[in-house]
Each structure stands twice: as C-alpha cells, then as structure tokens.
Amino acid sequence: MANLNINGKMLDLKVDGDTPLLWVIREQAGLTGTKYGCGVGQCGACSVQINGELQRSCTISVKDVKAADKIMTIEGLSADSSSPVQKAWLALDVPQCGYCQSGQIMAATALLAKTPKPSDADIDAAMTNICRCGTYQRIRAAVHMAADMKKA
Amino acid sequence: MKNVKQNSNSTAQQVSRRTIVGASAVGGLALGVGAGGLITKALAQKVLADATTAGEVSAWVVIAPDDQVTIRIARSEMGQGTLTGLAQMVAEELECDWTKVKAEYPTPGQNLARNRVWGDMSTGGSRGIRGSQDYVRQGGAAARGMLLQAAATLWGVPVDELKAENSTVTHAKSGKSTTYGKLVGEASKLPVPDLKTVKLKDPSAWKLIGKAGVKRLDTADKLNGKQVYAIDLKLPDMLTATIMDAPVFGNKLKSYDEAKVKAMPGVKGVYKVGDTAVAVVAETFWQAKKGLDALSPVWDETANNKVSTASIAELLKAGLTSNEGIFTGNKAGDADAAIATSAKKISATYDSPYWNHVTMEPMNCTAKWTADKCEVWVATQNGDASLAATAEASGLPPSKCEVYKVHLGGGFGRRGFQDYTTKAVLLAKQLPGIPVKTIWTREEDMRQGRFRPVSQCKLDAGLDAQGNITGFKMRISGPSILTAVAPSRLNKDGSDPAAYQGLNADGPEGQFGYDIADRSIEYAMRNLHIPVGFWRGVNNNQNAVYLECFMDELAKEAGQEPLAFRRKMMAKYPKHLGILNAVAEKIGWETTKPADGVFRGIAQHMGYGSYVAAAAEVSVSDRGKLKVHRLVMGTDCGYAVNPDQIEAQVQGSVAYGLGASLYQKITIKDGRVVEENFDTYESMRLEDFPKIETVLKPSGGFWGGVGEPTICVAAPAVLNAIFAATGKPVRSLPIRDVKLRA
Ligand code: FES
Ligand code: FES
Chain G
1 MANLNINGKM LDLKVDGDTP LLWVIREQAG LTGTKYGCGV GQCGACSVQI NGELQRSCTI
61 SVKDVKAADK IMTIEGLSAD SSSPVQKAWL ALDVPQCGYC QSGQIMAATA LLAKTPKPSD
121 ADIDAAMTNI CRCGTYQRIR AAVHMAADMK KA
Chain P
1 MKNVKQNSNS TAQQVSRRTI VGASAVGGLA LGVGAGGLIT KALAQKVLAD ATTAGEVSAW
61 VVIAPDDQVT IRIARSEMGQ GTLTGLAQMV AEELECDWTK VKAEYPTPGQ NLARNRVWGD
121 MSTGGSRGIR GSQDYVRQGG AAARGMLLQA AATLWGVPVD ELKAENSTVT HAKSGKSTTY
181 GKLVGEASKL PVPDLKTVKL KDPSAWKLIG KAGVKRLDTA DKLNGKQVYA IDLKLPDMLT
241 ATIMDAPVFG NKLKSYDEAK VKAMPGVKGV YKVGDTAVAV VAETFWQAKK GLDALSPVWD
301 ETANNKVSTA SIAELLKAGL TSNEGIFTGN KAGDADAAIA TSAKKISATY DSPYWNHVTM
361 EPMNCTAKWT ADKCEVWVAT QNGDASLAAT AEASGLPPSK CEVYKVHLGG GFGRRGFQDY
421 TTKAVLLAKQ LPGIPVKTIW TREEDMRQGR FRPVSQCKLD AGLDAQGNIT GFKMRISGPS
481 ILTAVAPSRL NKDGSDPAAY QGLNADGPEG QFGYDIADRS IEYAMRNLHI PVGFWRGVNN
541 NQNAVYLECF MDELAKEAGQ EPLAFRRKMM AKYPKHLGIL NAVAEKIGWE TTKPADGVFR
601 GIAQHMGYGS YVAAAAEVSV SDRGKLKVHR LVMGTDCGYA VNPDQIEAQV QGSVAYGLGA
661 SLYQKITIKD GRVVEENFDT YESMRLEDFP KIETVLKPSG GFWGGVGEPT ICVAAPAVLN
721 AIFAATGKPV RSLPIRDVKL RA
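So the protein lines, in turn, are chains G and P.
Each residue of the first sequence is one higher than the last, beginning at 1 in the numbering used here.
Each residue of the second sequence is one higher than the last, beginning at 1 in the numbering used here.
Be aware that one or more of the hints could be misleading.
As a list, the in silico DSBU-like pairs of lysine-lysine whose alpha-carbon atoms are at most 35 angstroms apart [what the hints assert, rightly or not]: (1) P/K473 <-> P/K306; (2) P/K691 <-> P/K211; (3) P/K226 <-> G/K114; (4) G/K87 <-> P/K697; (5) P/K262 <-> G/K14; (6) P/K189 <-> G/K14; (7) G/K14 <-> P/K691; (8) P/K691 <-> G/K151; (9) P/K207 <-> P/K189; (10) P/K262 <-> G/K151; (11) P/K215 <-> G/K150; (12) P/K215 <-> G/K114; (13) P/K272 <-> G/K150; (14) P/K739 <-> G/K70.
Restraint-style ranges between C-beta atoms, simulated for each label pair [what the hints assert, rightly or not]: (15) P/K627 <-> G/D64: 38 to 46 angstroms; (16) P/D66 <-> G/K9: 30 to 38 angstroms; (17) G/T128 <-> P/G597: 26 to 34 angstroms; (18) P/E585 <-> G/D120: 23 to 31 angstroms; (19) G/D64 <-> P/N115: 35 to 43 angstroms; (20) G/A141 <-> P/K627: 15 to 23 angstroms; (21) P/P643 <-> G/S119: 28 to 36 angstroms; (22) P/Q430 <-> G/A67: 37 to 45 angstroms; (23) P/D596 <-> G/A141: 25 to 33 angstroms; (24) P/N115 <-> G/A67: 55 to 63 angstroms; (25) G/K70 <-> P/K163: 56 to 64 angstroms; (26) P/Q430 <-> G/D12: 50 to 58 angstroms; (27) G/A141 <-> P/P397: 48 to 56 angstroms; (28) G/D148 <-> P/K163: 40 to 48 angstroms.
Keep in mind the hints are simulated off the structure, nothing from the lab.
We put the beta carbon where it would ideally sit given N, CA and C, even for glycine.
For reference, chain G alone in the conformation it holds in the complex (with noise of 0.2 angstroms):
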C-alpha cells in the first residue's frame, strides 16, 4: 500500500513497497506521461519533481515515498500546457518523437526555478536527459525563451 500525493491531489495506491515510483505513476496512478527509458537513472525520461526537486522516478522506491511527500508529474505543470517552458516548446517546435520531452520540459522546468536566467554552460550542466531523436539545440534555445518569458 502507498500514500501518495501526486499533482496535489492523495492517492489510495495498491502497491508493493519495492516498486519503483515511476511504474506505481504510471500504472497504478494512471498518469502514462512520465516515461520509462531505462530504468537505471540514466537518461531522464522518468523525471518528476518531489519537493520541487528534480528527481529519476525509476530509482525511487515507492516504499521510501512518504504521504506528506508532493510529487509533481508532467501532467500536473499546468492546467493547460501554460507554462513558460510549456510554451517556449511549442513556440520552437522542440519535440520529434516526443518521447523523452516529459523529462526533458521537468528538468527545465527545475532548472529555472533555481536559476532564472540560465547561461548555455549552466543549461549542458543541467539537462543530462537523452534525446535519442536529438533535439538538443532546439532544447536550448527553448530553455532560453522560457527564461526570457518568465523575466517579462
């Protein structure tokens, strides 16, 4: 059994403690945008927010999840795909297959939370996710606008 508070809302979960955060997300909590890619923290596919920290939901186990614990995925960034770095994707047309972009729009999203107005180092530092399609200068020049959008 897990307690977990996903998107701000409590969920009654059905679940052994051993499972991975990013399997009960996507199976038991029904929410199929955080991806699986490797299972082993490598490529980022998985990344949620706990706490406001950018976390690899593949290596947690769910047993260490604690109920007061706030879990943000990608579907609860926005209501309606609003925010700045939300945008600044669709502005540039970041994805091609968009399978690793969930993780991808996380992490950049967590990264201008601690760093407003990140400098290309700042951002190579920052986003290690893989993007098998390669959309890695898109993904920068969109983590740039998102940073200019939020300053305006």
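Chain P with the ligands: place on chain G using the hints.
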C-alpha cells in the same frame, strides 16, 4: 493523431448531425488514390457508401461541414515530421486553410480491405516524402477540382472562372463566394477524376510547400503527457508481460523456474514464446519484471556461443584479402594495374562496430487474440508488415486481423522489423480474449537489436607525381543486411546492393562523386548469427567514413589541401560539388582562419537521393580530449517541403550518427551482446552537442530524402578535422576508444 477507426465515432456524429440538419447525406469528400494512380469507381462508390452509412470516410482527404480538413497519412510519424510534410503537400494542391488541417492514420486492415488505396505504408529509406509526393499531391489537386466543379454547377458558371484559395471558392465576375464545407456534399458525389490527368502546380507557384515557419501538426500533446505512445496504451482487463529471448540469438530455450515465479504476487502465468523466448504475464509491468528476474531461464549452447568481437574481427579481416565470397560493385578500368605503376602507393584499413538503434521508447506491442479475430496495437514503421506478422503469428487470415498504429517513441529503422509484434501475438494467443501488452525492458531491447552491421574496409590508391589519383580500390568486409532480412532484394549474383550505398557508379540513391577512371569497389560478404538491420543511414554511415577519411589521407600524401584535392575530381558531379562548396563557403574554408588550436575537416556524400556535405571545427587537447566547436551541415534534397523540420532532422541526424561514432559500440562476448543499457552504451547528450549550422540548398528538379542522408557526413567531417589537428588518421570507431594524442 488517432487511427481512423478510433476516430469513427466523431465522424459518425458529424454525419448524423448533418443528416438531421441539412439535405446532403454525405459526411465528407472522400478521394482515393493508390500508389499506382486512380481508384476504381466501384471503390470510390464504396467509400462514399461507407460515408453515408457507417459514417466513416476513407482515402486522403476528408472535409467536414465546418471546413475542418482531415488528411490521411499512410506513412508512420516517428519524430521525423513526415506527417506534417505530407499533409502540407496535400493541402498545397487542395488550397485549403492550413489552420484547419489535422492528420490521421488509416489502419493497415483498411488499406488491405480497400485494395491498398493508400499505397505503401512502409516508412524507411527516407522515402516518406519522396516516395509518395506525386500521388498525395494528385489526391489534393483532384479534390480541389471536384470542389470547383461543384461550385460551377451550383452557380451555373464555367469552372475556369473560379478560384480556390484558403478553403474558399470565389467567382470574381459575380462576386459569389462559398466555402469547401458547404460544397463538400455536392463535390463528393462527383466522379473522382483520373489522377494521371490531374495537373499539379508548378513548384514556383507553391505557397505552403517550402514555406518557412510551418509548425508541426503533432506538437501540443507532446508537451503535457497526453500523447499516447504504444507503451502507454490502456485497455480494459489488460495484462502486462515482459519477455526474454535467447541472448545468444536463436539458441533454444531449455528450462526455467516456472513454479517459483507463478506463485509470485500478481503473476498470471509463465509462457514460452516460440522456441527461444519466455514471458511472464502479470497484472503490472513491475510484477512481470520481478517474475522474469526470478525465472532463471536456461538456453542450449551452440557454436554461436563461441563468437566474440575478436573472432568477428578475424573473420572480417580475412575477407579483406580473400578471393572467396567476393562481389564487385562499381568497377571501371584496371585499378590494380594503375596503382602498381604509380609514383606513390597508399593503403589503409578502417573498421566500425555494431550499433544498436536504442529508440527512446523500448520495443513493446499489445495484442488480443480470439479464435476469429486478432487485434494489435503497435508503434510500427510499417503497418502492412505488422499486419502480415500478426496474421502469420495468429494463424488467422489477414482479413481477420487488424493493426492499430500507435504513436512511435522513435524508430530509426528498428520498428520496420516486426519481431516484437510476432512475439506479442504468439504470447497473446496463449491467453485468448485477454489484451496482453508485452513491454521489453531496456536490457532486452539492447540484447535483441537489429544491429547496424560491423565492418572493415581496406582502401588502396596510387598517386602520380602531380598528386592525382591514378587508381582506387575499396574492399568492404561485413555482414549483409538484405541477405538477413530481404533476400528477394539481393542482386542476381547474390550480392547485396545495399553494401555499396553511396558508392555506386550511378543511380539516384547514392552515386560515387569522384571521377576516377581506374576503380574497383568490392564487397566480401561475411554473415554471422547476430541479426543485422537498417539503422538510420544504414551502410552510408561507414561507407562515407571509409571513403571520405581516406580521401583526406590521400590529399595529405599528395601535399594538397582536402577541398581542392576533392574538387579536381568532381567536375562531372556538379550536385555533389555544389553542396560541398556551399558548406566550405559557410564555414569560411577559404576565407577565414579558425581560432588558434582549432582545425577544420570536410566531407561529402550522396545518399537516399540527396547530396550532402559537412564541415567541422574541432580541437584536440594535449591530453587527447576532443571538442567539436562547430558543425556546418549541408543538404541538397531537391525540394524542401518544410525547412524547419529539415533543420530539425539535420540536427537529429548529428546527435544520432555522430553520437554513435563518438561513443557507441556493441561488443559481442560468448555469442551475446554485452552492452545492455545507457550506462555502457552512451548516447550523445546536450553538453556534447555541437552548434549546428544548416545549409539548405534545394536545387529543384528531383526529390531527395531528408531523415537519413546528412547522418553520414557529420562523422567523417569531424574525423578529418581530428586528422588535421593531430596528423594522425582515426581509422577505428568509436572515437572514444582511440587515443587521439600519443
Ligand atoms: S527511466 Fe529513469 S532515468 Fe531512464
Ligand atoms: S524527441 Fe524523440 S527522444 Fe527526444
């Protein structure tokens, strides 16, 4: 983006609403074109009949009463933007309001039932646009013609006095005007014109094709988690499975600990899949995975267990000088004699490893089997092949099977193969009536790849006293893709035409761009038990590295700079030369000097009907650390349908191809794949992604591919820049494994 079938409800609603409100009984204008041209009248009537009865309309163009245009796309969207590009081409000729366009997939079953009205569904070889541009444009133009005719009849005016634009038909003389949505009822009753007689616009009149800033149709749902990929699918009563196939390919499954696993929480059963694989079915993926981890499967051992990267290298090396199993491709004159009498003789041997596709979304497929129907939900690059695989594995005729194409989390060639579909169906067949989603772990996805072939290449050339090439020989040794996957496409002599990609004497797919009278390009076919497949760019990747890096070695031996050395041999190949010159100009090859410690490299190639070139600026630190500072990528793809998406594809091809050349290698040990996840099989990340400048120079008059061609020039341009920096050629990939400084 939905399957037509899943969408049929809304169409039905529109039809019934209109049937109640208005006079017309037809819900939309359906226009069918096959790869070969016109659909039969009977089929057109059937399509219209479907529209009036079931509410489901078919073929390329559907127009709703509110002017919403639905364009049906047979090729698969896997990120490359073909969905948007194809829709643009239909819309260009249709003259519809682009802001009201959406796209959807017809199902392979519908394609079959309708006599393949949508033509070829396979999506590979960078053929999405170039392979269907004629009939999709004709489909759009024919629809426009029918709408114009409907207006002409309505107003009693000659059709050539009418103008169609932005989903509106106007008659200037009378000032009359109406919209497509209002005309569609009458237009759809007209006979579909013979598409061969449909006149297409001259490219100079294009407004939407080639326009900058045309956005993709499929972005919004990728920003908020709404996009449903195959792995996300949910069906009532669905179970989830995970599978493990023989790590030494083809070895038979001997035993596994079924009793232990069956007792585990959530596990519904353990099933053999074919002779070689075993799957655990459970309520959730994680339960299935825990079951599989506890299953301890054992396979039998064969001679393949002894195969290793070293034994493969030995085999390929022998092929470089052997007289057995050798095929000759592009050959003219007498290269051996020409080299033998040369002032200078140069020889080099290159190699490159197996690569895995590693699509971001691991392989998966959902299947539901009953005695009289098999349904499959799958991310596929080839809906027709998925349907065929479903029929074969299910034991049912194709007419009793259906495939629903679900969005792909990457393809790169991997999802053209249907092994994952076959296994999912074989498993579901053992649980009749229950939808079973089989998800491969990343580890299984890595082990069960369809790998880019390993190869070696020996190059020999002679130079005369003026530094001109006298004779040129190239011997490639490696496994054949077509022998493994499509033997019917082999040459008559059993040779694999794909082995010579980019090295052919002529032909639109990939022509050797150097005028060398005495030349011989040979192929030593050396097949192994490791399955090979089409990997974005396919054999162009290594062929371009071998040829273009050796060219730089020759230029150095000749004492000439690499661009001038190439140009001397390219007068007969103006398109190759044109794009090479374009990237040289952009990087400032002859006009500016790179920063201190930064060196340049250049390369050109032709693949998939497009002419491509790249120029790189790199530095190599004293300790041998490589940095790519700048990369100029050029393509002449004939016509550029969506320049923004071409730019995205060029950038993506660099991450994929250069990333592989920098870091990736599949090692074989004891007959099986060693690298099982991103920790050992590194992917290029943002930090290492160089700034790409794209030079798009479509010269017109032909249609070249986009998704793949540029992939094969990024690596040789970088390798040549490293050669310029260190004076030492890099002849082995990945670059990470090479000591760049002594
Ligand atoms: S799935 Fe979690 S980091 Fe890859
Ligand atoms: S957009 Fe396809 S993996 Fe990133």
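Hint-by-hint comparison with the structure:
no. : hint                                  : verdict
1   : P/K473 <-> P/K306                     : holds, 33 angstroms
2   : P/K691 <-> P/K211                     : holds, 24 angstroms
3   : P/K226 <-> G/K114                     : holds, 27 angstroms
4   : G/K87 <-> P/K697                      : holds, 31 angstroms
5   : P/K262 <-> G/K14                      : holds, 20 angstroms
6   : P/K189 <-> G/K14                      : violated, 57 angstroms
7   : G/K14 <-> P/K691                      : violated, 48 angstroms
8   : P/K691 <-> G/K151                     : holds, 26 angstroms
9   : P/K207 <-> P/K189                     : holds, 29 angstroms
10  : P/K262 <-> G/K151                     : violated, 57 angstroms
11  : P/K215 <-> G/K150                     : holds, 23 angstroms
12  : P/K215 <-> G/K114                     : holds, 31 angstroms
13  : P/K272 <-> G/K150                     : violated, 55 angstroms
14  : P/K739 <-> G/K70                      : violated, 48 angstroms
15  : P/K627 <-> G/D64: 38 to 46 angstroms  : holds, 39 angstroms
16  : P/D66 <-> G/K9: 30 to 38 angstroms    : holds, 36 angstroms
17  : G/T128 <-> P/G597: 26 to 34 angstroms : holds, 27 angstroms
18  : P/E585 <-> G/D120: 23 to 31 angstroms : holds, 26 angstroms
19  : G/D64 <-> P/N115: 35 to 43 angstroms  : violated, 57 angstroms
20  : G/A141 <-> P/K627: 15 to 23 angstroms : holds, 21 angstroms
21  : P/P643 <-> G/S119: 28 to 36 angstroms : holds, 29 angstroms
22  : P/Q430 <-> G/A67: 37 to 45 angstroms  : holds, 40 angstroms
23  : P/D596 <-> G/A141: 25 to 33 angstroms : holds, 28 angstroms
24  : P/N115 <-> G/A67: 55 to 63 angstroms  : holds, 59 angstroms
25  : G/K70 <-> P/K163: 56 to 64 angstroms  : holds, 58 angstroms
26  : P/Q430 <-> G/D12: 50 to 58 angstroms  : violated, 34 angstroms
27  : G/A141 <-> P/P397: 48 to 56 angstroms : holds, 51 angstroms
28  : G/D148 <-> P/K163: 40 to 48 angstroms : holds, 43 angstroms
Violated hints, in rising order: 6, 7, 10, 13, 14, 19 and 26; the structure is consistent with all others.
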